[in-house]
Amino acid sequence: MPKLVSHPDEVKIVSRRFGQGAADIDTYLKLDGYTALRTAITQGSEWIINEMKASNLRGRGGAGFPTGLKWSFVPKQSAKPKYVIVNGDESEPGTCKDHLIFLHDPHTIIEGTIIAGLAIGAKMGFIYLRGEYRYLQIIMQKAVDDAYERGFLGKNLLGSGQDFDVVVQTGAGAYEVGEESALMESLEGKRGVPRIKPPFPAVVGLYGGPTVINNAETIATVPHVIAMGGAAFAAVGSERNGGTRLFGVSGHVERPGVYELPMGYNLKKLIYEVAGGIRGGRALKAVVPGGSSTPVLLPDEIDIGLDFDQVGKAGSMLGSAGVVVLDETTCMVEFALRTIQFYQHESCGWCIPCREGTDWLKKSLVRFHAGFGEAKDIDNIRYLAENMLGRTFCPLGDAAAMPIIAFVKKFRKEFEDHLNGRPCPFAQPAELAAL
Amino acid sequence: MSPETMSVFSPKLAARLDALVTRYPVKRSALVPMLLYAQDEVGYLSDAVIQEVATRIGITELDVRGVATYYSMLRFKPVGRYNVQVCTNISCMLRGGYQLLDRFKKELGIDVKQTTPDGLFSLEEVECIGACCWAPAAQVNYAFHDDLTPDAVPALLDDYRKKAHSEGEENNA
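So the sequence lines, in the order shown, correspond to chains A and W.
What the first sequence shows, in my numbering, is residues 4 to 438, in sequence order.
What the second sequence shows, in my numbering, is residues 1460 to 1632, in sequence order.
Derived by calculation from the structure, the hints in this document are not laboratory data.
Since the model is a prediction, treat every value here as computed from it, not as a measurement.
Even for Gly, the Cβ is constructed at its ideal location relative to N, Cα and C.
One should not assume that every hint holds.
Take a look, some chain W residues computed to stay more than 10 angstroms from chain A by CB distance [to be verified]:
| no. | residue |
| --- | --- |
| 1 | S1469 |
| 2 | G1502 |
| 3 | I1509 |
| 4 | Q1510 |
| 5 | K1564 |
| 6 | K1572 |
| 7 | Q1573 |
Restricting the straight-line Cα-Cα distance to at most 25 angstroms, the calculated cross-link-like pairs of lysine-lysine (BS3-like) are [as the list claims (entries may be wrong)]:
| no. | chain 1 | residue 1 | chain 2 | residue 2 |
| --- | --- | --- | --- | --- |
| 8 | A | K416 | A | K379 |
| 9 | A | K15 | A | K33 |
| 10 | A | K158 | A | K79 |
| 11 | A | K272 | A | K413 |
| 12 | A | K193 | W | K1486 |
| 13 | A | K366 | A | K413 |
| 14 | A | K158 | A | K145 |
| 15 | W | K1564 | W | K1536 |
| 16 | A | K145 | W | K1471 |
| 17 | W | K1471 | W | K1536 |
| 18 | A | K83 | W | K1486 |
| 19 | W | K1486 | A | K145 |
| 20 | A | K412 | A | K366 |
| 21 | W | K1564 | W | K1622 |
| 22 | A | K316 | A | K272 |
| 23 | A | K79 | A | K200 |
| 24 | A | K6 | A | K145 |
| 25 | A | K158 | W | K1486 |
| 26 | W | K1536 | W | K1572 |
| 27 | A | K193 | W | K1536 |
| 28 | A | K15 | A | K56 |
| 29 | A | K366 | W | K1572 |
| 30 | A | K126 | W | K1486 |
| 31 | A | K316 | A | K271 |
Same shape as in the complex, but just chain W (with noise of 0.2 angstroms):
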């Protein structure tokens, strides 16, 4: 299989990761990066796209898992359109880390690693995400959320649905 004729990625993304192989001195440096923009698009680290992967750089994929399993933000999982990222590291916990974490999972009626029937969160407990002196801090998939407060947490929310609403308004016009 060649991947221009059969990616799993979309256009855009196959001509990106293309054009990051030739970046490095080693073809191999563009394997953690790949992974990462792979699972933007996707949501997972599927069979297809370690498959995939594996071709572009070539290696193996026993050689792709070995170094995904290594680091916490690859997933082999399907997470929720908007994932949520609580920090409860020493800087956020002293400045109420914990109790924002209850918060979301009562607001969203789901623990860590679970996401929401209908598909739109996943909770996760992340350590430190560099946010210290804003605390406590947040990230939904790449976005900061900075000095946040228990009451903040139902408006976050509801951001983050009215703007699944309107993308999912677009796709449909």
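One chain only, chain A, in its complex shape (with noise of 0.2 angstroms):
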């Protein structure tokens, strides 16, 4: 079981049933579970979506997009079926908080979800886990389960008249399908390659009809901002950043683990105070702040508040909160070819510049690794980096891009190092021969 971290500083909302058994739907309810649901059966449609646009809620999948807004762009009459999608693929590494929430809280998910559908009309939602997290897909059915015996889902839910169904889908292995086209091509029963955009989901998603595809972190966010107010959860974060984020601190930290804290809370702060400092009293070398595809930071970079325009005009982004602490013994190249190898490994190959880019990355970041790099590699690194950008149909391509150029950009001595006679201490001469 994964544990559980605790700070002062955290303003739990999200997580403020984890550890409770909040799984078990009698306890969900003593913890003042479905009633935001009621309400928002009583309240109807216009007033949901104006609470989400009050709350600003912006999507925690790592695009930042207002919830609010994304829903209120589903049209009203449609002649296709409307869906719901819970994107509980969670890959981005440094990320694990819907971990955590779909373990402690699963009615939650399915509240949320009922909420959405109501707000847009639609009657069914799909919970889509990946592959890996089968003990969670279990967990996750169980609730569903008890969910419709209980009454809260299925024909004329709580004597509303209204009907919803819930179906928890499985995965089997794709980053990409983290995408939101990605994985409504999965959830069709294909493979998970992304479609071109427009039209966008909200009018033509699954199986042709609009569909609203939310993370599992947002859907989960939505009871309690019908339960405080859309006024209220707003008031929490900071401008244009509604709420709290789970922000997951991994890497080089003494106390690594899911923190829940008001968006725009400092991220030095973060690090130094709510987990601990840098493991061993070591000193910071770098901060990837919102996943493996943001763009890293430095140390003198990182006095700042953690909402998605605060840490986009810091150069980087929000991302999906996962933050990745990097002390002084880290090999920099080594990062930035993990990085890479990793996004190799998951394109899926529909775009050219992405499938080539990502092979070619890693290949010149395994040669310059080992010991075996040229001065003109560097700049080509990042030449090949930049040449992907903004041409692929999905952002995986620039996923892959944005951190590459980074590093290039930030630790430029590292990679000169790595030349000058001063091989990297972690070189193998074997990674030239798995090329």
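Both chains are given apart, each in its own frame, so use the hints to dock them into the complex.
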């Protein structure tokens, strides 16, 4: 069972039921479960969407798109059925927050899904979990079965005259499926390759019907927004960034873990106070602020508030809020290599700049890290990555390119040191053979 | 061949798959979960499994293969009874994921993508498994093992050996 952590600065909204056995429906009900659903049924679609807009809740998957606005794009009338999809494909390296939501509070996902359905006029929702999360899928399925039994799902839920069904779906190993259109392909029983946009899912989504697809954390936040009221939720966070966020701190810190803090919380404070500082009292070298696809920040760049806008202004992205902390012992070339190795493995091959780009970057970095690089490789790596940007259907190409560009830009000297008779202490000539 | 009479799956799994296809507006949506559940029972996607899944969904075997080859958890060859999957992605790497993988190699006497001669263990190096804050982590089949150290490896493997042994005795009883 993953360790739960705690810190006095935390504001527990989404995580307030963690560790309290709320996967059990009776416990969930005792802890005010399904009360937001009753409110939502009474108030109706327009009110829900207005509260969501007022909450300034922005998509927790990484893009940070305002949730209420996304929901409002769904046409009221539609010839085809509408759908809600919960994206629990959580696969961005550095990110494990949804893991805890599924484990500790699965009913909140169901409640949020139904509320989203009421808002857009959908009668069916899908909760998609990555295949590796089988034990969480079992917990989620049990919660769904219990919700049916108690009348929170199914025909005429809570006597509202509305029907809503939920299906728990498993993936089978694919980072790419975390991209919304690829997830819909997978849910339709196909290879998870992305669709071209527009049309956007709100108009043409699953089975061609209008679809709202939200990250699991976003959906888990919805009942709390409805319960607190949009304005109260917005007041917890920073400007245009409502509420709290589950920050997953990993890497070289004393107390790694998932901490729920208000949007806009200071990154430096998160690392040095909340997560207990750098392991063994070492010096900080770099921070990846929002999952492996977000550009790296230097120690003098981390005195910033953690919200979508402030991290953006600092030249990176809040992304999935997976904060990966690197101390002075880390070889940045090796770290860049491990990052691109992941994207090369996960590129679905649909778009050539991504398929070829990630492969060439990996090969270049393997050679470079093993001590067989040339001076011109450094600029070539950057040039290759820059030419992937914006040239693919889905953001995986960008996700692979952006961190590499930042590594070369900010740690050029470490790349040069690998050339100047100081091959990396981690270098293994065997890596070359594996090319 | 009708799946009911000639199924390669146990009656329990066959019943589960019968129910699975009814859940979706479109039958084909059951394909990915069906492949995974079939693999859980049979061990891998054999030709017979592909054939039956194709029949159940009502698409060609080629179509099933086209989808199955996309997903990294789906495999076309058998693995050991316990498939050890060690994450070496960034968060795990920073906390000793590679040292952990090396220890598994040493204790099992195999490299990645290999199986021990007794058929008990296979070893895989995998990408992020969503346990970054409890790194380094590994999965044995679907079970997560968090906050591992190389020194914890022998005891972990022993637990699985014991488990296999006691399950074997149950089967013989």
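Results for each hint:
1. S1469: holds (18 angstroms)
2. G1502: At roughly 15 angstroms from the nearest Cβ of chain A, G1502 of chain W sits farther out than 10 angstroms, so the non-interface label holds.
3. I1509: holds (14 angstroms)
4. Q1510: The claim stands: Q1510 of chain W keeps its Cβ more than 10 angstroms from every Cβ of chain A (closest is about 17 angstroms).
5. K1564: At roughly 13 angstroms from the nearest Cβ of chain A, K1564 of chain W sits farther out than 10 angstroms, so the non-interface label holds.
6. K1572: holds (12 angstroms)
7. Q1573: holds (15 angstroms)
8. A:K416 x A:K379: holds (14 angstroms)
9. A:K15 x A:K33: holds (17 angstroms)
10. A:K158 x A:K79: holds (21 angstroms)
11. A:K272 x A:K413: Within the cut-off at roughly 22 angstroms; holds.
12. A:K193 x W:K1486: This hinted pair holds, its Cα atoms lying about 12 angstroms apart.
13. A:K366 x A:K413: holds (21 angstroms)
14. A:K158 x A:K145: holds (19 angstroms)
15. W:K1564 x W:K1536: The hint holds at about 20 angstroms.
16. A:K145 x W:K1471: Measuring from Cα to Cα gives roughly 18 angstroms; hence the hint holds.
17. W:K1471 x W:K1536: The given pair, whose Cα atoms are some 23 angstroms apart, holds under the 25 angstroms limit.
18. A:K83 x W:K1486: Judged against 25 angstroms, a Cα distance of about 17 angstroms means the pair holds.
19. W:K1486 x A:K145: holds (23 angstroms)
20. A:K412 x A:K366: Judged against 25 angstroms, a Cα distance of about 19 angstroms means the pair holds.
21. W:K1564 x W:K1622: holds (20 angstroms)
22. A:K316 x A:K272: holds (18 angstroms)
23. A:K79 x A:K200: holds (21 angstroms)
24. A:K6 x A:K145: At roughly 22 angstroms apart (the allowed maximum being 25 angstroms), K145 of chain A and K6 of chain A satisfy the hint.
25. A:K158 x W:K1486: Holds, at roughly 22 angstroms.
26. W:K1536 x W:K1572: Holds, because 11 angstroms separates the two Cα atoms, which is no more than 25 angstroms.
27. A:K193 x W:K1536: holds (21 angstroms)
28. A:K15 x A:K56: Satisfied, since the Cα-Cα distance of roughly 21 angstroms is no more than 25 angstroms.
29. A:K366 x W:K1572: Judged against 25 angstroms, a Cα distance of about 21 angstroms means the pair holds.
30. A:K126 x W:K1486: holds (18 angstroms)
31. A:K316 x A:K271: holds (16 angstroms)
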